[in-house]
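S.K.: Kindly produce the complete structure, drawing on both the sequences and the hints.
Protein chains: 2
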Amino acid sequence: MFHSTKQQLFVNPPAATHGYARPSSSGAHRLKLAARLYTATSARPLPSFPCVAQHAARENRILSLRASSSSDPSASGPEPPYARPSPSSYQTYHHNKPLPLTYAEPLPEFDIAYETWGTLSPARDNVILLHTGLSASSHAASTPENSAPGWWEKFIGPGRALDTRQFFVICTNVLGGCYGTTGPSSIDPATSKPYATTFPVISIFDMVRAQFALLDHLGIVKLYASVGSSMGAMQSLAAGWMFPERIGKVVSISGTARSSPSSIAMRFAQRSVLMADPNWNEGFYYEGLPPHTGLKLARQIATITYRSGPEWDIRFGRQVRPLSSSETTEKQHTPPCALIFSLRRTLTTRRGEQFCLKYDANSLIYISKAMDLFDMTEPSLVALGLSPAIPTPPPTVSSSPTRAHPPPANPAPHLPELAAGLRPLANTPILVLGVQSDILFPVDQQRELADALRMAGNSRVSYYELGGVWGHDTFLLDEQNVGGAIRGFLL
Amino acid sequence: MFHSTKQQLFVNPPAATHGYARPSSSGAHRLKLAARLYTATSARPLPSFPCVAQHAARENRILSLRASSSSDPSASGPEPPYARPSPSSYQTYHHNKPLPLTYAEPLPEFDIAYETWGTLSPARDNVILLHTGLSASSHAASTPENSAPGWWEKFIGPGRALDTRQFFVICTNVLGGCYGTTGPSSIDPATSKPYATTFPVISIFDMVRAQFALLDHLGIVKLYASVGSSMGAMQSLAAGWMFPERIGKVVSISGTARSSPSSIAMRFAQRSVLMADPNWNEGFYYEGLPPHTGLKLARQIATITYRSGPEWDIRFGRQVRPLSSSETTEKQHTPPCALIFSLRRTLTTRRGEQFCLKYDANSLIYISKAMDLFDMTEPSLVALGLSPAIPTPPPTVSSSPTRAHPPPANPAPHLPELAAGLRPLANTPILVLGVQSDILFPVDQQRELADALRMAGNSRVSYYELGGVWGHDTFLLDEQNVGGAIRGFLL
Chain A
1 MFHSTKQQLF
11 VNPPAATHGY
21 ARPSSSGAHR
31 LKLAARLYTA
41 TSARPLPSFP
51 CVAQHAAREN
61 RILSLRASSS
71 SDPSASGPEP
81 PYARPSPSSY
91 QTYHHNKPLP
101 LTYAEPLPEF
111 DIAYETWGTL
121 SPARDNVILL
131 HTGLSASSHA
141 ASTPENSAPG
151 WWEKFIGPGR
161 ALDTRQFFVI
171 CTNVLGGCYG
181 TTGPSSIDPA
191 TSKPYATTFP
201 VISIFDMVRA
211 QFALLDHLGI
221 VKLYASVGSS
231 MGAMQSLAAG
241 WMFPERIGKV
251 VSISGTARSS
261 PSSIAMRFAQ
271 RSVLMADPNW
281 NEGFYYEGLP
291 PHTGLKLARQ
301 IATITYRSGP
311 EWDIRFGRQV
321 RPLSSSETTE
331 KQHTPPCALI
341 FSLRRTLTTR
351 RGEQFCLKYD
361 ANSLIYISKA
371 MDLFDMTEPS
381 LVALGLSPAI
391 PTPPPTVSSS
401 PTRAHPPPAN
411 PAPHLPELAA
421 GLRPLANTPI
431 LVLGVQSDIL
441 FPVDQQRELA
451 DALRMAGNSR
461 VSYYELGGVW
471 GHDTFLLDEQ
481 NVGGAIRGFL
491 L
Chain B
1001 MFHSTKQQLF
1011 VNPPAATHGY
1021 ARPSSSGAHR
1031 LKLAARLYTA
1041 TSARPLPSFP
1051 CVAQHAAREN
1061 RILSLRASSS
1071 SDPSASGPEP
1081 PYARPSPSSY
1091 QTYHHNKPLP
1101 LTYAEPLPEF
1111 DIAYETWGTL
1121 SPARDNVILL
1131 HTGLSASSHA
1141 ASTPENSAPG
1151 WWEKFIGPGR
1161 ALDTRQFFVI
1171 CTNVLGGCYG
1181 TTGPSSIDPA
1191 TSKPYATTFP
1201 VISIFDMVRA
1211 QFALLDHLGI
1221 VKLYASVGSS
1231 MGAMQSLAAG
1241 WMFPERIGKV
1251 VSISGTARSS
1261 PSSIAMRFAQ
1271 RSVLMADPNW
1281 NEGFYYEGLP
1291 PHTGLKLARQ
1301 IATITYRSGP
1311 EWDIRFGRQV
1321 RPLSSSETTE
1331 KQHTPPCALI
1341 FSLRRTLTTR
1351 RGEQFCLKYD
1361 ANSLIYISKA
1371 MDLFDMTEPS
1381 LVALGLSPAI
1391 PTPPPTVSSS
1401 PTRAHPPPAN
1411 PAPHLPELAA
1421 GLRPLANTPI
1431 LVLGVQSDIL
1441 FPVDQQRELA
1451 DALRMAGNSR
1461 VSYYELGGVW
1471 GHDTFLLDEQ
1481 NVGGAIRGFL
1491 L
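Protein chains in written order, with our numbering: chain A, 1 to 491; chain B, 1001 to 1491.
No lab work stands behind these hints: they were computed from the structure.
Since we're looking at a predicted model, the values are computed, not measured.
Derived, one-sided and incomplete: chain A residues facing chain B with beta-carbon distance under 8 Å:
| id | residue |
| --- | --- |
| 1 | Pro47 |
| 2 | Phe49 |
| 3 | His55 |
| 4 | Ala269 |
| 5 | Met275 |
| 6 | Ile301 |
| 7 | Ile439 |
Every residue gets a Cβ at the ideal spot worked out from N, C-alpha and C, and that includes glycine.
M.R.: In structure tokens form, the structure reads like this:
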């Protein structure tokens, strides 16, 4: 069986492409031939590598999808193989005025996709703007137009954390995304082709500016609250900072006001892997094959950072196992890759497969870079020429930490600069919630954020730490504790 | 300047290969052409990607090295571009009897490379066997034959942690390595070609078995101590377990007796990235170009796991910066990748460049897999049919935890099984040293190991935790505290 699989790999031309599967060059063919000759003379059969073969199989699926769709005249033309959600499942606002950008000349025009839940009150004063993490769409919860569960399904609805009996919830796809909002895969009106990597560098502040263009269009002057987790927490903080008079409350869950070097390193590794896929082609892959292998590998690295060691130990500890009986019969020839851990199945799930076919690789690059660049310390904000929409008002309650929360004995290194940067948030009630097992936005950063806000004069900081073993993903999973804290804070 | 760089990228054919740089297929040329046509019609110039261009530059360097060496008749034939240390700088023992393997049929014969420091006592009772981490050679410290500093230079010598006035220190290159000991890049005597991925799966126990074949050859019956850090600590524990009568003391620094799912996940990600490089070619790259890009990317991920968040914050926190003034002049066109962080320079160092040219990719795959498979819990050992060289002796001092070290209140999930597995180590004095900022071998695992050893009846467990911010790399850097603990324990 081992032999026949291998035979198939070599006999079947499509399966013989592998790895970052692009049509093999003559050099690769020569190597393949060498490997075949090698087997003929070797006492040992050639091994098989299911984890590598997976990439080739995916490439073949994409190619055959292409072939079948090109036989349909209505589907002619270069069509990216990742499928956007149906445009009928969300609303789109087209902003036809320039959007100022932090690092680049203004974007001449843009679309922003959004979905809503609940009912806008006549006074338009019950609006919650919900911000997404890196790769999420506007589909935070199911709607009549799209019954599929959303990424925060259990947190939105009657009686839930964002109670739709009371609130009108708006969620947008972020600027730079690929689910209806303008991003690198969108058509550049100047060229009628996708922007690709000519798309300008964007910041978290730019994402928020685009959201407020939508709010202006909807006639919403003031938000009841701005709510976000992970990168959404960055946006939530940035929104409260840019528009302090237009936001009632800010919620930051497992976020940060200053990206840490270790989280930047994790994202750098993901982008490096993605950009090394030849299919990426410096971002110009929209007329070719997308870098699905690079995106899959990047996603694997991300997945590792989303959970915690303790949880994996509980979940997989007893399943890390030696070879099974069927494997030991051919153990002589089993290459390292063929020893299957339950863990590997988790890292190479169907959801991961979906992701690397549906999500746009350039969006990952631009949005993860925007996260890296996020830094609300005062020197950084000054260097960027950023300032809030209105001058910082004097703190209304207290200009110093409260008696219950004196300044920390061992302040984080950047605390004073961060406190200075966060001054425009001094008068906004803020919920800061962190998770002790989070390795991507570690709990130290949550404490730093709460400390800096208090040092900036904010006396209405609600701060919670959660235990548990779910790490960064806690915000998606712990409805009881995360949801409960939000519900209590919003009342 | 931005434009001219780009022009160069497209005009100069070698630089135009990029990413996992293999000679571009016609498909890639078509895309390149599309990108060029794109520029002609676009208002926006094409961006440049220095981090991707680096891979192409390296490929060109390898190709030109090949070209120049092939003009030298003495250097003809396929020569892997990674350079082994000169064989004259270490000693080699050729074992011409079969070596039993945990997961495969015996290896018919093998070489093992080693270096020594100090003087063997007439009674041959002053020997310390030093085990290496994943990618290190036998060159732990400088020698008359090789004056280059070794990987543990400051820990070996007169008056140092391994005091050469007292001890005779032996360090070997591990089985599966590429620095003189037999591994996947070695010639398979059955075929006269490199094993490549026909090399059998190896275990930590197999590495130790190979070392003891060397000790037999050298006439060394009993070791004064077995010492190792990281993967070396796994070998050190395995040695004490397999040959309890032949080892006086065991030192385990930042190791584990049971690989954790999160560390397995980190190594899985590294292997996935490496194996996705088309140059890897299912392991048969010895006649072609090595997967230098995949190895570089894998090394980047590893580097992230070797240090800790706090240290990076101190080192880079203030250098994470927005665009410099020179960058802002062309900020409109600056792609995300061109925003330089000091951090990136650290992840793409010259040492990393050296590594991806000198180290054998298949060795990384086999050895990191051996780490994944390491599990000294009793069910795992039983499943593998492993047993120590002699029956487990009854504990000599006490069969229960001491009064100073009662059983832990919240035992780690696998503690009882691990304690049962570690019974053969019950009578060996052991130093377990862990680092609180280590994210690869977290301090929880150090506590688990010490607890399990005590639960197994070992009353001579010395256990220390180090603070500091160096993470897993502490064992390479903290001469004072790591070295001090070892020196004290060995006396």
